[in-house]
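These protein sequence lines are chains H and R, in that order. Once you know that position 119 of the first sequence is 119 in our numbering, the rest is easy, because the numbers rise by one and skip nothing. Once you know that position 459 of the second sequence is 459 in our numbering, the rest is easy, because the numbers rise by one and skip nothing.
Don't take every hint at face value.
In silico DSSO-like cross-links for lysine-lysine, where the CA-CA straight-line distance does not exceed 30 Å [what the hints assert, rightly or not]:
| # | chain 1 | residue 1 | chain 2 | residue 2 |
| --- | --- | --- | --- | --- |
| 1 | H | Lys176 | H | Lys65 |
| 2 | R | Lys757 | H | Lys265 |
| 3 | R | Lys557 | R | Lys579 |
| 4 | H | Lys45 | R | Lys170 |
| 5 | R | Lys447 | H | Lys237 |
| 6 | H | Lys265 | R | Lys674 |
| 7 | R | Lys170 | R | Lys757 |
| 8 | R | Lys128 | H | Lys53 |
| 9 | R | Lys90 | R | Lys170 |
| 10 | R | Lys309 | H | Lys45 |
| 11 | R | Lys674 | R | Lys166 |
| 12 | R | Lys67 | R | Lys170 |
| 13 | R | Lys677 | H | Lys45 |
| 14 | H | Lys250 | R | Lys757 |
| 15 | H | Lys265 | R | Lys166 |
| 16 | R | Lys447 | R | Lys191 |
| 17 | R | Lys170 | H | Lys265 |
| 18 | H | Lys150 | H | Lys65 |
| 19 | R | Lys442 | R | Lys407 |
Listed below are several chain R residues computed to face chain H (Cβ distance under 10 Å; list not exhaustive) [claimed, not checked]:
| # | residue |
| --- | --- |
| 20 | Ser516 |
| 21 | Leu627 |
| 22 | Ile629 |
| 23 | Arg631 |
| 24 | Asn673 |
| 25 | Asp675 |
| 26 | Phe683 |
| 27 | Leu684 |
| 28 | Asp685 |
| 29 | Val690 |
| 30 | Asp693 |
| 31 | Pro748 |
| 32 | Arg749 |
| 33 | Ala752 |
| 34 | Asp755 |
Derived from the structure by calculation, the hints contain no laboratory data. A quick note: this is a predicted structure, and the numbers were derived from the prediction, not measured. Cβ atoms here follow ideal geometry from the backbone N, Cα and C, with glycine treated the same way.
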Amino acid sequence: MTDVQYVAPRTLDEAVKAFAAASGAAKILAGGTDLLVQMRAGILKPGLIVDIKKIAEMTAVEELKDGGFRIGAAVAGAVLRDHARLKKAWPGVVEATNLIGSTQVQGRATAGGNLCNGSPAGDSVPAMVAAGAIVTIQGPKGRRDLPVEKVPAGPGRLNLTPGEIVVCFTLPARPKGSSDAYLRMIPRTEMDIAVVGCGVSLTMDKGTVTAARVGLGAVAPTVLLVEEAGKALVGSKVGAGGLDDAALAKAAAACSAACRPIDDKRGTIAYRTKVAGVLLKRTAAIAAERAGRN
Amino acid sequence: MSDKTSAANSANDNKWIGQRTIRPDGADKVTGRAAYAADTTMPGMIWGKVLRSPHPHARIKSINTKKAEAYPGVKAVITAKDIVEFPLDKSVMLGIQDMRWMCRNVMAREKALFAGHPVAAVAATSEKIAAEACQLIEVDYEVLPFVIDVEEAMKPGAPVLHDFIKHEGKPSNIAGRLEHKLGDVDAGFAKADVVIERTFRTAPVHQGYIEPHACLVSVSDGKATIWSSSQGQFMVRAMCAYLTGIPQNDIRAIPAEIGGGFGGKTIIYLEPLALVLAKKTGRPVKMVMTRTEVFHASGPTSGSFSRIKMGATKDGKLVAASGTFCLQAGALPGSPIRGAAGCAFAPYDIPNVFSEGFDVVSNRSKVAAYRAPGAPIGCYGTECVMDEIAEALKMDPLEFRLKNAAKMGIKAAHGPVYPRIGFVETIEQAKTHAHYAAPLPKAANGKLYGRGVASGFWFNAGGESSAQVNVNEDGTVVVITGHPDIGGSRASTANITAEVLGIDYRKVSVLIGDTSTIGFSNLTGGSRVTYASAMVVTQSTEHVITILRERAAKIWKIDPDAVIWENGEARPAGDNAGKFEPLSLAQIAAQASATGGPIGAGKQLNTTGAEGGFATHLCDVEVDQDLGIVRVLRYTSFQDVGRAIHPSYVEGQMQGGAAQGIGWALSEEYIFNKDGKLDNPSFLDYRMPVCSDLPMLDSVIIEVPNPKHPQGVRGVGEVPLVPPLAAVSNAVYNALGRRFYALPMSPPRVLAVMDMKQAAE
Chain H
1 MTDVQYVAPR TLDEAVKAFA AASGAAKILA GGTDLLVQMR AGILKPGLIV DIKKIAEMTA
61 VEELKDGGFR IGAAVAGAVL RDHARLKKAW PGVVEATNLI GSTQVQGRAT AGGNLCNGSP
121 AGDSVPAMVA AGAIVTIQGP KGRRDLPVEK VPAGPGRLNL TPGEIVVCFT LPARPKGSSD
181 AYLRMIPRTE MDIAVVGCGV SLTMDKGTVT AARVGLGAVA PTVLLVEEAG KALVGSKVGA
241 GGLDDAALAK AAAACSAACR PIDDKRGTIA YRTKVAGVLL KRTAAIAAER AGRN
Chain R
1 MSDKTSAANS ANDNKWIGQR TIRPDGADKV TGRAAYAADT TMPGMIWGKV LRSPHPHARI
61 KSINTKKAEA YPGVKAVITA KDIVEFPLDK SVMLGIQDMR WMCRNVMARE KALFAGHPVA
121 AVAATSEKIA AEACQLIEVD YEVLPFVIDV EEAMKPGAPV LHDFIKHEGK PSNIAGRLEH
181 KLGDVDAGFA KADVVIERTF RTAPVHQGYI EPHACLVSVS DGKATIWSSS QGQFMVRAMC
241 AYLTGIPQND IRAIPAEIGG GFGGKTIIYL EPLALVLAKK TGRPVKMVMT RTEVFHASGP
301 TSGSFSRIKM GATKDGKLVA ASGTFCLQAG ALPGSPIRGA AGCAFAPYDI PNVFSEGFDV
361 VSNRSKVAAY RAPGAPIGCY GTECVMDEIA EALKMDPLEF RLKNAAKMGI KAAHGPVYPR
421 IGFVETIEQA KTHAHYAAPL PKAANGKLYG RGVASGFWFN AGGESSAQVN VNEDGTVVVI
481 TGHPDIGGSR ASTANITAEV LGIDYRKVSV LIGDTSTIGF SNLTGGSRVT YASAMVVTQS
541 TEHVITILRE RAAKIWKIDP DAVIWENGEA RPAGDNAGKF EPLSLAQIAA QASATGGPIG
601 AGKQLNTTGA EGGFATHLCD VEVDQDLGIV RVLRYTSFQD VGRAIHPSYV EGQMQGGAAQ
661 GIGWALSEEY IFNKDGKLDN PSFLDYRMPV CSDLPMLDSV IIEVPNPKHP QGVRGVGEVP
721 LVPPLAAVSN AVYNALGRRF YALPMSPPRV LAVMDMKQAA E
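The following block holds chain R by itself, in its conformation from the complex (with noise of 0.2 Å):
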């Protein structure tokens, strides 16, 4: 079934790699044990909380906190002002974040920008008296009009949130633009016998990760120590040191266990708020955000509307690709439009493609990165259009998508010439599998089913990592990385040890180290922490491997090179090198003192040639057409992972997108009232999908290693949130015969295209 042609890395070969071994933090998560930021505590510790704009958009006249700092039990009072200001006329970036806005969104600086845009902090001995202080301040606002809406933010004559930002010379909401091209798309649409163009318009929707932002820092002697919640301790301490002026070797961020980012802990709220306040306090702060704050403050991804046009000729084959992809920012720049914009039309050999992405500001919190960010929007538009087109020519959609599927030597429209990329084969196995030759129910009793295909694509990621390998006394092993495991990664990193030691996978011990423990290492963000930290901590472990073999060379009193590391134990290569029994990892580690000194081995590195990842999923509805509500029936999703490290952890990748995605597709929403005010800030009313709401979710993993790393591994995390919001919206055109072009497809929407088919008919 899959291609495993990769000779050193073949799965048969493996003993560890491809097992489902024991999450190394499993049993501390079931049981309550594992220590997440909120629950940190300290001797003397305070509590900071947020005073947040209840204004979509005014200008900050002034800010007077005299009454709550004479409030009993307030500590300190921090406002704009004591955050480090970033002129507005110079970039500082920071991976992809610019210092000028990150400054400007964590507290308020000229204008509040949007419902919940934090004025204030207030640091208290208890978080009642900081909520209650929070209300003591007076701030003097004007309010402004305010646009929340992409489309609307884009009209002249909209309010415009930043009157430094220009477009084509006159102040605008258009933050940014960027474009792929490929060929020449007219002379492209010239040659289609099938042209179908289409609008798109999805809601902005939230990571909805289960831990709320949380941080507890302490500031000693003009050294912090921060715990908190977050996808990368080295952007924490980073982000900090930028936005305190505390030189970063005075920061030690520790990663606390995380609840969830999904992208959105990929930057900072509260930590720099907390270390300013205990900065000034002398005393440790601790900061917890509401389910409230998460959802008013926090980045949600982008709402965006956007128009695809594809044409192809009679035969099925695509010529010419346009699309438009108008991205929310929220109240910074700094939209996804290049998730967007380049993946949309990734999947396929198209010839002419023109793709382009405006990044718009309106008054809603700055969007975070949200899995494969821009990716699902991109797609979305793409993948229900590539439905229309199958559905004109009479293809299987599936059969359409074959025929056009990018392969190795192909050149995208966003800059890559495809490697070996396993695509194809995400195609052929979804039809060849039994969902998709299984019969649908018959409508009956009000009901009606459908089945949907959608393909998609994410860039994946390499990137900083860093791992030390250090052998212990007794022959166990310790790996430190530098990323905090959201995934299952440090159960994967155990497996790869144990494979490349030849060891039992339970000698292997995986920790997460602090910045002031580890090297640098990036966010754990775009799929990238299996891919470059199997990169390190493999090199890291064949480094300690040369040691090994050279401390049995000096105990057999031979050449390092007459010495074999095989099945966990050092052997003599051949009869001509001596004979001498094994000597194990165990029995060489007891004598490290005596041959040399103790045995480890770190590495650093910016890791490239992380390939792109592709993935097809089939999905069956049922709606009831009298209440317009779309069931998910089944939902099977097939990616090429390159290989699984862990398969059930790459299951739990592909099942988790999927969820995510089908909550995308039918129930979650931000909607806002007509005071610009986030209306639906709590998990009752923001509707993503609990567990009776789904079905079992399959996953079908393909396996075509990529040929750049050294277990064939490809990012497999965010893929799967890129396809569902098509498969769903097609399976939801099969049920009815009627398509839907706006996002989420929830009851009252579903009913009304309902009641408009029946008046048509």
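Pulled out of the complex, with its shape left as it was, chain H reads as follows (with noise of 0.2 Å):
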């Protein structure tokens, strides 16, 4: 029989020995409603489980001095769509952890958790990479921040060393204009994966966007940045009718052209490809109906 060490450190630094410590044996628990279920299917047999829901630092939504926001890596879903100002700044990174799942998994279920699971169909993810979050990670040799976008290697797989922990999500500070939104397409409507996930956060002034990512999921090994289709959204005019129509399909045609999908029992290689444009306009409208309100 094999035997599970469990333990729920109250600070960060001996969360990090403990998980150091185990050399590659361990796996960290935030809400579990990854892991368990990988332990429950045999895919995952830690010898070591780290609690990290006991640490301050990791379950606190704290208000930044200059308007941004740090969430916590154990912050469960729940709790950012009760956080009723980081919900007007940030409506879509808060509505995109919220599709995780159904409502008890929300009441779990963490961005943390979610980027660290490495699935390139995280929903939380292409939000926070739209959103241009930069993630605190903390190991035995020391505090680093990476870019959101920085963090998954691979299906799985993460850019952090041995004994490094995901701490939070440092948001930046909204200029006026500012709004974000995230959608997914899922074949039901609600207990599902993305096929493909779309983020974008957009800033206006007087009608035109002056900046503008987007973040696309389920596409490629790896959660997306796409640059050029920021780059296609900025300059454009927000007329009666929304985004203008020339612009959103070059942001479209640059997200088609950035994925390289699979196919599986969840979308075909066609599909995605295509649907990945279909979403950036939708997400795009959005968010550009959001900031020209705020």
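With the hints as a guide, dock the two chains, each given alone in a separate frame, to form the complex.
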């Protein structure tokens, strides 16, 4: 029989120490909505589970002096949904995190876990990428920051060194006229995994897009930052009918061009490639409409 | 609106039949108290686990269980040699199941025939140890080429699963064929002005019951007790007796509450294994499948390939129809070709019909029954072709169906001459319903809208049932039947008993007996339980009334013929019978011992006369043409149910069938990877609709009483799954102007067809 050890340290240092000491045999437990499922399925058999939910820094949502937000890696989606100011500044990030699983799952599932699960289809990740979130990581050699899109290395793999733990996400302050949105394509209406996910964050000034970032999920081995799509949106005018069609078409084409998907049980290459562009148009329209009100 | 000519049973005269009484098992189920098989536990209980083949097709050269047996905590290991073998050359049938196949399905014998096929089982002190010990069993496989798809399996040169199966003299995967013939199809087609011929494909779909298979088996002093989740305790007993060699009188099968079956629990998987393990170890053995095991190794229904040809004259009269239905049986023979070939053309008056079915084995789990087995596959193609013919003739699709609808006196290709049936009424009601007249939304924002119709038929079934009705000392009543209650049959039985006896239904308790406490009762399946058990319960109750009249006569010292039973009381038949105050059931019950002893009666019958059931469905869809997502916006089912004993559970059946059919049409499918292994063995990726995917599913109950039944009942539970596949398909066509000939119409497929359409334009 194999035994599983469980620790729930109170400080990050203790967590890093325990995690590093297990040299690869340990897994971090945040909400557990992926970890426990994978253990039950026999995919993972960790020797040690390090529960990070007792660590204050990792379970708090902090408003920064500059207007940004710091979201602990172990904060559940439902907590984000109840944070009125975060929701006003970053509705796309909050709605993406709360598309994961059922209501019960949303009470446990975290953005940190979603990122570290390493799935290209994680819903919160494209929204975080569009938001320009910076991830703080702590390991045996100290702290470092990485742009969120640099964290995943491939399906189930991360650009973290042994013993490193994702601590928090920092979302930048929002200039006036900014907002974001996230849409995903699933065959059902809920309780499903993204076939394609698209996050768009943009800033508008006097009816012109001045900044835009696009994150795409489930179309490549990792969630993508599609810089070309963001560039295509910058400079476009927003009229009565929303963003101008030429800019949207160009951004959609950039999204489709960025896709390097696979054929699998959830969708085909052709389908994902086309739908990436469709979702870009729809997501950007929502983000622009929201930004116009901010 | 409906025909209510059956005088004795006019709905208006009924006090309890037709009432939405409170379900006897309802509170227990919604509060979690109801005892399912996985809830059972016993002192000294140990756990069984199954080792399953990782290969879709492999010869088993040897199995070494030594390491597993030596593993601490392991109490026993079994393989096929512990299960009774039935030789391949002699059929031993139990209902529709052949023990030759069952003994090879519960445990692989010569070969592993699908990925997930049991090859050994372990009993150990914990579920975890049992699972770990399974991994210590060494199986030497000779991996063989495999075939899963039904068309591939029929091709010359396909890997052959069983060399003992021959078709046209050669080893083949075609394990069986049947045909129905009526008239002369060639002559019929010669008279047709419009002939449409199309090929259709459907994916294998699972019944999707929420409760995985589970059982607990205890063997003590050679006597076995089985608690399990099944659609028939007598089936469990008989199959276990066959597969273990234990006589039926030494097996007691106790039906647990069941969390859905839809046909999938009309056979057994775990029970004989747990029984053998319990016998070997002397300990009670519990086995519970995981959801993954349910998907890999229990029976979904067939994937199919079929070709349908139908012809009509220009005035809209069908003159000929032919159909070939090839159904995937899975690893061992037995796909529902009878349902596909028999039901496909059954709704219509067609003078010339040729319908044939091919039973094709392939390397996936053996099919189990699924709600109107085969009929949804058969009617899918027919009803889509009907739609095309109606369009070609510029006829309203319901009008076209009405013009050709089968009625009393028509001979169906599958055999019977129809008695009074209610198919016409389902179409007429659909035609005049507000749904059919409601305008569809206008296409906008990339969304297109469409409406489709389809009809369907299912045989329904009678068969063996037993009941016992006992009057308690306080005048309350206990009814025992032999059918696991899946669709609310206890509530229906209470309504019937209360009605016949003339007492409040709350005074009636309905229990499900086990194999030792009630007489033989066939499966809960074939839409037969309310039909058949109503007959035996009615006759038992009528016998009880005869006894009650005799007891009253004895008390009054008059002739029993001078006593009538009315509104739950014995009364003198008239003034010349004498003047006596009526005696209530409670008053007679109180004097039972003094007047002749306990009061009760039972009846056992092989019931007949379950006439066919018909339905017509209307479906509205919205198609997102950029994402390929189809959503059902409105759905209405019209069904002749004969008589709705409990309308809520009739509606529940109609809604449930429609929901499953919508899933079959749009999102559900078994997806196999290149290694022949099921790639989506979870509800995450096996996409059954969730609540938010569906609108309220409306149901219109039509009551054309079955003249052969005391309450006029026709089977209800299966017809609802027959029309939806085509109703949704026809609606999608109406929205897109493009027909689909394969299911499911999943978003990638819809978008691919849309792209083809755009390219063509």
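Results for each hint:
Pair hint lysine 176 of chain H plus lysine 65 of chain H holds up; C-alpha atoms about 16 Å apart against a cutoff of 30 Å. For the suggested pair lysine 757 of chain R and lysine 265 of chain H, the alpha carbons sit about 24 Å apart, so the restraint of at most 30 Å is met. For the hint pairing lysine 557 of chain R with lysine 579 of chain R, the CA-to-CA distance comes to about 12 Å; that is within 30 Å, so the pair holds. For the proposed pair lysine 45 of chain H and lysine 170 of chain R, the alpha carbon gap of about 49 Å is over 30 Å, so the pair is violated.
Note on lysine 447 of chain R and lysine 237 of chain H: the hinted pairing holds, with a Cα-Cα distance of about 26 Å set against a maximum of 30 Å. The straight-line distance between the Cα atoms of lysine 265 of chain H and lysine 674 of chain R is roughly 12 Å, inside the 30 Å bound, and the hint therefore holds. Of the pairs offered as hints, the one joining lysine 170 of chain R and lysine 757 of chain R is violated, with about 43 Å between alpha carbons and a cut-off of 30 Å exceeded. Distance hint between lysine 128 of chain R and lysine 53 of chain H is fulfilled; the C-alpha atoms sit about 28 Å from each other, no more than 30 Å.
Proposed proximity of lysine 90 of chain R and lysine 170 of chain R is supported: the alpha carbons are some 19 Å apart, at most 30 Å. A hinted pair counts as satisfied when its Cα atoms are at most 30 Å apart, and lysine 309 of chain R with lysine 45 of chain H does not qualify at roughly 56 Å. In summary, the hint linking lysine 674 of chain R to lysine 166 of chain R is supported, as the alpha carbons are separated by about 28 Å, within the 30 Å threshold. Between lysine 67 of chain R and lysine 170 of chain R the alpha-carbon distance is near 42 Å, which puts this suggested pair outside the 30 Å criterion.
At roughly 23 Å between alpha-carbon atoms, lysine 677 of chain R and lysine 45 of chain H fall within 30 Å of each other, so this suggested pair holds. At most 30 Å may separate the alpha-carbon atoms for a hinted pair to count; lysine 250 of chain H and lysine 757 of chain R meet this at roughly 24 Å. Distance check on the hinted pair: lysine 265 of chain H and lysine 166 of chain R sit about 35 Å apart at the alpha-carbon level, beyond 30 Å; violated. A C-alpha spacing of about 41 Å is found between lysine 447 of chain R and lysine 191 of chain R, which places the hinted pair above 30 Å, so the restraint is violated.
With a CA separation close to 36 Å, the supplied pair lysine 170 of chain R and lysine 265 of chain H exceeds the 30 Å bound. Under the criterion of a C-alpha separation no larger than 30 Å, the hint pairing lysine 150 of chain H with lysine 65 of chain H is consistent with the structure, at around 26 Å. Restraint check for lysine 442 of chain R and lysine 407 of chain R: the C-alpha separation of about 38 Å exceeds 30 Å, so the hint is violated. Annotation: interface hint on serine 516 of chain R violated; nearest CB of chain H at approximately 38 Å, more than 10 Å.
Interface hint status for leucine 627 of chain R: upheld, as the beta-carbon distance to the closest one in chain H is roughly 6 Å, under 10 Å. Taking 10 Å as the C-beta cut-off, the interface hint given for isoleucine 629 of chain R holds, the closest approach to chain H being about 7 Å. Residue-level restraint check for arginine 631 of chain R holds (minimum Cβ-Cβ distance to chain H is 8 Å; threshold 10 Å). For the restraint placing asparagine 673 of chain R at the interface with chain H, the shortest Cβ-Cβ distance is roughly 8 Å, inside the 10 Å limit, so the hint holds.
A hinted interface residue such as aspartate 675 of chain R counts as satisfied when its beta carbon comes closer than 10 Å to some beta carbon of chain H; here the least separation is about 14 Å, so the hint is violated. Annotation: phenylalanine 683 of chain R was flagged as interfacial toward chain H, and the flag holds, the nearest CB pair being 8 Å apart, inside 10 Å. About 7 Å separates the beta-carbon of leucine 684 of chain R from the nearest beta-carbon of chain H, less than 10 Å, and the hint is met. With 10 Å as the threshold, the beta carbon of aspartate 685 of chain R comes within range of chain H, its nearest partner Cβ sitting at about 5 Å, so the hint holds.
Annotation: interface hint on valine 690 of chain R holds; nearest CB of chain H at approximately 5 Å, less than 10 Å. Because the beta carbon of aspartate 693 of chain R sits about 5 Å from the nearest beta carbon in chain H, less than 10 Å, this interface hint is met. Because the beta carbon of proline 748 of chain R sits about 4 Å from the nearest beta carbon in chain H, less than 10 Å, this interface hint is met. Interface hint at arginine 749 of chain R: satisfied, since its Cβ lies 9 Å from the closest Cβ of chain H, which is below the 10 Å cut-off.
Interface hint at alanine 752 of chain R: satisfied, since its Cβ lies 7 Å from the closest Cβ of chain H, which is below the 10 Å cut-off. Checking aspartate 755 of chain R against chain H by beta carbon gives a least distance of about 8 Å; that is within 10 Å, so the hint holds.
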